[in-house]
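Chemist: Here's the letter readout for the chains.
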Amino acid sequence: MEQNPRGHRRRRRAIEITLAVGVPIALVALWQVASTRGWIDRRLYPAPTDIVDETRTQFDQQDRWHDVWVSTRRVLLGYAWGAGFGLLFGYLMGMTRLVRVALEPTLNALYTVPKLAVLPLFLLIFGFKERPVIAVIAVTVFFFVWIQAMAALLTVPGGYREAASSFGASRWQTFRHVLFPASLPQVFVGLRVAAGVAVLTLIGVEFVFAPGETGIGYVINQGRIVLLPRQTYMGIIIAALMGVIFISIVKLVGRLLTPWAPNDRAVERG
Amino acid sequence: MLDSASSSRGETASDDTVATSRGLDPAKISARDVERQFSTEDGELHALGPFTVDIADGEFVCIVGPSGCGKSTFLRIVAGLIRPTGGSVEIRTRGTTQNPTAMVFQEYSIYPWKTVLENVRFGLDVAGVRKRAGNERARAYLGKLGLADRERARPDTLSGGMKQRVSIARALAVEPEILLMDEPFAALDAQLRTVLQEELLHLWQTDQRTVVFVTHSLEEAILLGDRVVVMSARPGRLLASVDVPFDRPRAPEIRAIPEFARLQAELWDMLRREVEAHLAEQAGMPASDG
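Listed in order, the protein sequences are those of chains Y and B.
Numbering (numbering that gives the first Met the number 0) for the first sequence: 0 to 269.
Numbering (numbering that gives the first Met the number 0) for the second sequence: 0 to 289.
This is chain Y alone, in the form it adopts within the complex:
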């Protein structure tokens, strides 16, 4: 049908890239014009350039880097604890039937509890410092990682295990050579989702409780309180960037550790 398939494909690709890049640029430009021309209320919908200016002054005068650092630390610590225990429980329960039978109903029940709801308890238990914030993030991350790790082990094709048994592999050898690597791609899906959720949770917690009145969530919420929407916009953008960067790092590590796994882009393109 198509006379020149290569040229056709190149042209289609060019159009796709133009759309993918062009549409967001056009939207931002439209926003800029709408706001500066007064089509929309500039106080509530500040122009992108206003937000950039605000960000510049705030980072110069109020040391917003401190907030970024404090929030990053909370996310990373919470993530590390949550992912660590998630992997531990996921693998233990995936490997040992009795442990799974013993713990799964309890964890399933706890899974549905909104994690933010336990913040008041954590405040009482851990005191009004960093630890309750980190604990809420950790608990949230835990469930995402636990579920994926356990499911990954349970869905390892029987043929892989059987081949290992046929060579007389011990339990540990089967885990090291077969189950662990086989589970990695799916475990990284869980780790990646958890990275995004960790940032979400962080912002939510900092709205309610931000020790030392620092943190990006605090900054976002404060923008409302002091009637400075620009600051809120700035905070939203910083939180989004934190999420994107964190997810990308986890994704990259996953790629490096599981080079055999089909990556998302390849799947999308078919």
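No lab work stands behind these hints: they were computed from the structure.
Owing to the predicted nature of the structure, the values given are computational and were not obtained by experimental measurement.
Glycine included, every Cβ here is placed at the ideal spot set by N, Cα and C.
The reader is advised that the hints may include incorrect statements.
Stated by the list, open to error - Derived SDA-like pairs (lysine to any residue); straight-line CA-CA distance at most 25 angstroms: (1) B/Lys162 - Y/Ala260; (2) B/Lys130 - Y/Lys250; (3) B/Lys162 - Y/Pro180; (4) B/Lys162 - Y/Pro258; (5) B/Lys162 - Y/Thr257; (6) Y/Lys250 - B/Lys143; (7) Y/Lys250 - B/Thr114; (8) B/Lys162 - Y/Leu178; (9) B/Lys162 - Y/Gln185; (10) B/Lys162 - Y/Gly157; (11) B/Lys162 - Y/Lys250; (12) B/Lys162 - Y/Pro261; (13) B/Lys130 - Y/Thr154; (14) Y/Lys250 - B/Thr156; (15) B/Lys162 - Y/Arg175; (16) B/Lys162 - Y/Gly242; (17) B/Lys130 - Y/Pro261; (18) B/Lys162 - Y/Gly167; (19) B/Lys162 - Y/Trp259; (20) B/Lys130 - Y/Gln185; (21) B/Lys143 - B/Ala186; (22) B/Lys162 - Y/Thr154.
Unchecked claim - Covered by chain B, per the in silico footprint, the following chain Y stretches (three or more residues, Cβ under 8 angstroms): (23) 148-162; (24) 166-175.
With the hints as your guide, set chain B onto chain Y.
Modeler: Here is chain B on its own, set in the frame of chain Y:
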């Protein structure tokens, strides 16, 4: 897993053996009234037996039978992967290798996260062979299967035929006394299957290891085997054991000999009734392979 089955895979010698094609040699594998039941949601499934067969040292035996007759189950019992619920399987080992048996599976058996070399070395790693010696041995078998230049490749870059070569090399690398093959070529296209059959013939003729080869294809069974064992529909029993009269070394060209077609027709006659029985049973029961 291997340990769990060793009770029924002992080294006792009994002289009341059923005659094998090799006459008076003590059997390498003696299966006596082997049975296997599986419990499923619909109740007990009698998958195999009682099944009795003797396989001589160095013999290449092909097992054919209708789907679900338990031929793969039998192979797994010999491999020590599952235990029989009745009867016994005895394997006379020389005791020189760690793995008396090694198995080649139909699919899902080589590991995508390991390179070709690492896959072939897998059995040796598990057996605690040092890496250096393991690599050397693995390379030797890669060479035999024409994979010498692919040792660093990852399996997902290989064709189906290459993957099965890796799987065969992996099984041979542990130098088992018995090679078990579970429909190893079933997933390949017809041309590739022919090529791999030829390679296996060649390989076996220089190596003369005991092979138990499960297949759906009568043609494949006659081409490769010293003997074809025909099993009944589920629960599989020994229906017939037919010696293949063609001399070794064999070449795939024997397919053109009239005798070949005659043997194939004779076996098919036997099998057809069983396949029909299987189909009739399937109408009333959920399908299950094994």
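Chemist: Now tell me if each hint is right for this structure.
Modeler: Hint-by-hint comparison with the structure:
no. : hint                : verdict
1   : B/Lys162 - Y/Ala260 : holds (17 angstroms)
2   : B/Lys130 - Y/Lys250 : violated (32 angstroms)
3   : B/Lys162 - Y/Pro180 : holds (19 angstroms)
4   : B/Lys162 - Y/Pro258 : holds (18 angstroms)
5   : B/Lys162 - Y/Thr257 : holds (20 angstroms)
6   : Y/Lys250 - B/Lys143 : violated (40 angstroms)
7   : Y/Lys250 - B/Thr114 : holds (23 angstroms)
8   : B/Lys162 - Y/Leu178 : holds (20 angstroms)
9   : B/Lys162 - Y/Gln185 : holds (24 angstroms)
10  : B/Lys162 - Y/Gly157 : holds (18 angstroms)
11  : B/Lys162 - Y/Lys250 : violated (29 angstroms)
12  : B/Lys162 - Y/Pro261 : holds (18 angstroms)
13  : B/Lys130 - Y/Thr154 : violated (30 angstroms)
14  : Y/Lys250 - B/Thr156 : holds (23 angstroms)
15  : B/Lys162 - Y/Arg175 : holds (22 angstroms)
16  : B/Lys162 - Y/Gly242 : violated (41 angstroms)
17  : B/Lys130 - Y/Pro261 : violated (29 angstroms)
18  : B/Lys162 - Y/Gly167 : holds (21 angstroms)
19  : B/Lys162 - Y/Trp259 : holds (15 angstroms)
20  : B/Lys130 - Y/Gln185 : violated (30 angstroms)
21  : B/Lys143 - B/Ala186 : holds (22 angstroms)
22  : B/Lys162 - Y/Thr154 : holds (22 angstroms)
23  : 148-162             : holds (count 6)
24  : 166-175             : holds (count 5)
Of the numbered hints stated above, those contradicted by the structure are hints 2, 6, 11, 13, 16, 17, 20, listed in ascending order.
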